[in-house]
Each structure stands twice: as structure tokens, then as C-alpha cells.
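A.B. asks: Here's the letter readout for the chains.
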Amino acid sequence: MTEAGPRGGARASDALHRAVSALGERGPLSDQSGPYFGAFGGRFVPEALIAALDELDTAYHKALADPAFGAELERLHRTYTGRPSPLTEVPRFAAHVGQGARVFLKREDLNHTGSHKINNVLGQALLVKRMGKKRVIAETGAGQHGVATATAAALLDLDCTVYMGEEDTRRQALNVARMRLLGAEVVPVTIGSRTLKDAINEALRDWVANVETTHYLLGTVTGPHPFPEMVRDFHRVIGEEARAQLAEETGRLPDAVAACVGGGSNAMGIFSAFLDEPTVRLFGFEAGGEGVETGRHAARFSGGAPGVLHGARSYLLQDQDGQTRPTHSVSAGLDYPSVGPAHAWLHDLGRAEYQPVTDVEAMDAFSLLCRTEGIIPAIESAHALAGALRLGPQSAQWGLDHPPLILVNLSGRGDKDVATAGAWFGLLDETEDE
Amino acid sequence: MSGTATRLRELRDSGRAALVGYLPLGYPDVAGSVEAAKAMVDAGVDIVELGVPYTDPVMDGPTIQRAVEHALETGTRVAQVFGAVEQIAATGAPVLVMTYWNPVLRYGVDAFARDLAAAGGAGLITPDLIPDEGADWLAASDAHDLDRVFLVAPSSTTERLALTAAASRGFVYAASTMGVTGARATVGAQAARLVADTRAAGAELVCVGVGVSTPDQAAEVAGYADGVIVGSALVRTLLDAPDAASGRRALGDLAAALAEGVTGARR
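For the protein sequence lines, the chains are U and F, in the order given. Each residue of the first sequence is one higher than the last, beginning at 2 in my numbering. Each residue of the second sequence is one higher than the last, beginning at 4 in my numbering.
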């Protein structure tokens, strides 16, 4: 191995090359399989769940090998989800990025149910049918995964229970009603911090008790093996489509890919098509909340340390005793104390870079996209947009011989966030004052 | 040499099963939890299971969640477990610490084992650590001569029963039913089957927990297992009491009744 040059500047590209080629010896980064991603992942769960995880792993790999499964999922995505989702160039937004950048948005917000979540949900729901189970349970924070799960359950005739922190049922009352309209039972969780983390605890407790008849339809790339690997695979379609669409539009690979990272499923989906391309820089933007220095955030890579939560070893916001720390973000979907183990692995490898984006930065980017492009993004996705605004100036250090080409995963739409944004920007009537 | 196994064998040779009582550290406060554990031993509990409070106890039902939440809200620290173990162990009863895995990881697996051994603790019960993920703990428990109690469940395959039995020391914890801790109307027939299967897979000593709350249930389980583990029902006596002293009395009464159930069981 050659001497490592200083990080940054034109050498960053060399460092990326080395990171990718060193790993290439163990096969493509995009094909890493669980249970471990480097030092991360695993199965830190009660023994009672191991048989179900093994059953799921077996069913998943059998389905992957069965062309009929892929064909059915593809058909559903084409006729129900609305795939392929478009790729939209946003020049008026890009003017604010600077450096003559071209910015393209992968429009997962235009999927049925309003976000990327449906990709994973339909994949797992088809697996549930193959496993012969009749009931699914899910956790949800903002409600996007819960709505997607309730939708798939209605479509495929499955009983559905969604656990949601009591705090979140109040903040996202409209999504609670959507889930109930779709026939799901929504259970408010009243223990602990009453948010997403506690909803997952409660879903795990339900699963332990009902595992014979019930599948836990986990909504992101966290949790015990095989979830991180399987959920990534169901979201690969985001990156595959975007790569082909961008090649058609520009004839090139992007110079940078930006995505928001809560658990990390939309990011892993779009990253997966570029992980083994050394010229493509990958950026994950996590919730910086009120600022990492305030302690009120969900920035696992800036403020966390490796630990175990909900079945996997990864970066975790925890106190000195290993107790999970409370988190904060204006975006319920990023308000989670841990992150998918494959992100922890990419972070430690230096293959992807993770930066915190504050509530204020995210809301500014949210507003900017609304006004420049006529697209109301999910506040989660607005973190990726804020990141893209930051990448413009940073790209001057990348040693490119052309204006930067930036691909942003617009993972969801902002209908659910209108009340939050209205209050944030002071657009609501005084009478709706809290 | 496992202190827990020695005690279980002594009791078995005298013709009865052991009563294992769980309480969380820090309810109603740290000193109060130590006093409660001692009261439990006085009333006839043979082995103490002391729980480390944790923010995300996924194997526990509402009763234990509530007590643990209180313990955390009132500032209970993980390191206080060692002093508490030392005081409870002075009664002569083996003291096992029940802990979710992240607090141990954060403390340092070997450091935790070292300090637990120094405090006179018998070992650990680890509800979210399976032997497959426990290489560090297997090494640390060997180095510090501690018991390592892993769990088996009705869903465990024969292969996993054998793997878990081989990795465990002290006893194997058989979860009587699929589900979290808490009282149940009946202890399922699957518990007896699981104990038999776990023994057939190589375990010498098997104790049954999860869902055992009454003296009758304790007697029934004592008929086929080496130990009967009771948690939520004991914790409930403390939660329901108007003050700590009456909580300890109610705890002692239930522990005594459970002990009578266990000792009266025909083996």
C-alpha cells in the first residue's frame, strides 16, 4: 500500500480509490452480506426470536433465487408504487448550491404513499405471504413506514398492527387516521420516551409473543440480521434507477450523492449503486437538531459511540452507563438514537461521509426547494437538500475538471409536514396557537 | 466452579428445586432494593437475580418496565450494582446479575466481569445476548470464574438448545412461554417439554422463568425444573405498596409463600 496523502483536496479521490480497492479484495462493497458489516451488525436479540430470524433469512434467500418473486415485486412497483420514480433536474435550486453545480433529485416522494418506504414494505409483505404468516406488525415515527405497511397489508390481505410513540401519535395525528382508514390497528406506546425507539421496543415485545403467526415488518436498515441486508436490497432499486436515469440525462456518474440518514434505508438504497465507484463521493446527513453542541440532536456519528440497540451493534447515542440517550430532531423520521450497521461500517471505512444538519439548516432548505422548484419535500429529505447546499462550496476542494454533478435522494414528500412547517415559518392563523 | 450450580445441586440432592427471585437495582432506591433483596432471601429465596436498570428492556413486560423506569429516573447508575451485589451476597445466597448487553459493553466486558467477581457476584443472566454473539463474555467469564446464564425458548431448535447448553454455566434459563416477563394465568405445558428437551441437549441444570407468579405455579414448575424464577410478581408487591417498609413485608410474604410452594412440590 502506498503512503496515505493528506485528507482533502485532490488527494481525497486517491483515498477513496484506496478504500474501494482495498475492500474490493473481499468482493464488492455493495454485495456485503450480513450478519456483520465489519465490526457492526449481528443479532443482539432474545433467543426466542432467533428461529424466526433464521426462517426469514431462509425465505428471503429462496425468494431472491426465485424469478417469480422478483417478477411479482417488479410488477407491483410498476403498477402500484409508480416506479420508476422520475429524476428531476432542479436548476433554480442548484443556483444556490454554487460552483455551477447541476443537481438532480431522485423523486421517491412521488411513490404511492409518499416516500421510499413502500419499496421495502412491498418486498417484505410478499415474503410474509410466502412464509404463510397472516399478521404484520411495524413501528413508525413520523408515520410514513406505518402508512406504507398499512397500505401493503390492505393490498395483500394481512392483519396489521402499528406501534407508534404516544408523542408521535399527537404530532402526526393525520397519519394515525390514514393508517386506521387503511384498516390497521394503531397502538400508542406510553412507556419510555414515547417516540420511535419505544415503538420498536413494543413491536419487539409483540413479536416475541406472537412470532409463530406474525412478521415484524421492520422499516429500515437497522435491527438484527437479516434486516439490514434485506431492507438494503429492497431499496437497491432507488440507486439502480437513478444511476441509469442520470447516465441517460448527462452521460456520467454523479460526483456526489446526498441522502438523509435516520435508520438509513433511503441512503443505503441510493448509495448501493455507487459504493464500488471510486469517483463517486457519498454523503449521509443526519439530524443535528438544535446543534450537536447542545446535546439536543440525533447525530450518531458526531455524538455517539459504538453500542448495541434493537439487535445490532452500530453507532449509538448513549450515556456513560450505556443507557440510550434522548434524541431530538424537527424531523420525526430522523429522530432515532442508532443507525444501520452498514452505515457504521462505511463510516469507519471512510467510504461514506456523515455530517449533521441542524433543524434550522433543514428548514431553510425545505423552504428553498418549495419556492425555487415547486416541490414540498419531507423534512427528513430536506436534511439531504441542506447537505447539497453545503457540498457546493466543498466541491471546490474535490479537484474536479467540471462543475459538480450532485444527486440528491428526495426520499419523501412533505404533505405530512405542512403543520410543522406552517408553525415553523409562522404561516398559521393565530387561533391555531398551541 | 459455579456457586450457582453448587447451590442448585445441594438443593436437588435434598429433594427440592430452588427459588430464584428477581428484583431490579434502584427500586424504590438503591439501598431499598438491597434491603428488599435481603428480605426476599430471609423469606426463603435461594438465589437472587438482581436486574440492572436499562432504558430499552425488550424482554420485560409492564411491571418490570415501570420499576426500571423509576430506577433510572431517580438516577440509579450501573456501577452501583457491584456494591449492591456485595451486600446481598453477604446473606450467603448466590447473586446473579440480570443485564441487557449494552451497559456491559459500555462498562467494558472484562472490567464488568472483574468488578462483579470482586464484589462476590455469581455471574450474569443475559436476556439479549446469545452465545453466538458472546465471545468476549465467554472469555471474561472464564477469566473471572463467573456463571453465564443464557436463555432458551420454546422456539429454540435442537441445535440451538445444544449450543446454548454447552455455552452456559450455572444453569440454563428456560423461558416458559413465548413472550415478555409478567404474570400469566397458567404456565404452559411447553415449559415442561422445554426443560426436558434442554436436558436432552446436554444441560445439567435448567431453571424456568417468565410468567411464574403464584405459589401453585411455583410448585408445578418445581416438579420438573431445577429452579423456579419469579420476577414480576415480586416486583409488583413493591410497586403496589404505599411505602418501602410495607412493600418489603408484602414481598417477604409472597417470597415465603412461593418458597413453600417450591419446597412442598413432589419431585
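Calculated directly from the structure, the hints in this document are not laboratory data. Ideal Cβ placement from N, Cα and C applies to all residues, glycine included. The reader is advised that the hints may include incorrect statements.
With the Cβ distance kept under 7 Å, some of the chain U side facing chain F (calculated, not the full set) [stated by the list, open to error]:
hint, residue
1, 49
2, 52
3, 132
4, 157
5, 206
6, 308
7, 322
8, 323
9, 327
A.B. asks: Does each hint fit the structure? Answer for all of them.
C.D. replies: These are the hints, each one checked on the structure:
Because the smallest distance between the Cβ of residue 49/U and any Cβ of chain F comes to about 4 Å, under 7 Å, the interface hint for this residue holds. Against a cut-off of 7 Å between C-beta atoms, the interface hint on residue 52/U holds, since the closest Cβ of chain F lies about 4 Å away. Against a cut-off of 7 Å between C-beta atoms, the interface hint on residue 132/U is violated, since the closest Cβ of chain F lies about 14 Å away. For the restraint placing residue 157/U at the interface with chain F, the shortest Cβ-Cβ distance is roughly 25 Å, beyond the 7 Å limit, so the hint is violated.
With its C-beta approaching chain F no nearer than about 5 Å, residue 206/U sits inside the 7 Å limit, and its interface hint holds. For residue 308/U, the interface hint holds, the least distance from its beta-carbon to any beta-carbon of chain F being 5 Å, beneath 7 Å. About 4 Å separates the beta-carbon of residue 322/U from the nearest beta-carbon of chain F, less than 7 Å, and the hint is met. The restraint placing residue 323/U at the interface with chain F holds, with a minimum CB-CB distance near 3 Å, inside the 7 Å limit.
Because the beta carbon of residue 327/U sits about 9 Å from the nearest beta carbon in chain F, more than 7 Å, this interface hint is broken.
Of the numbered hints stated above, those contradicted by the structure are hints 3, 4 and 9, listed in ascending order.
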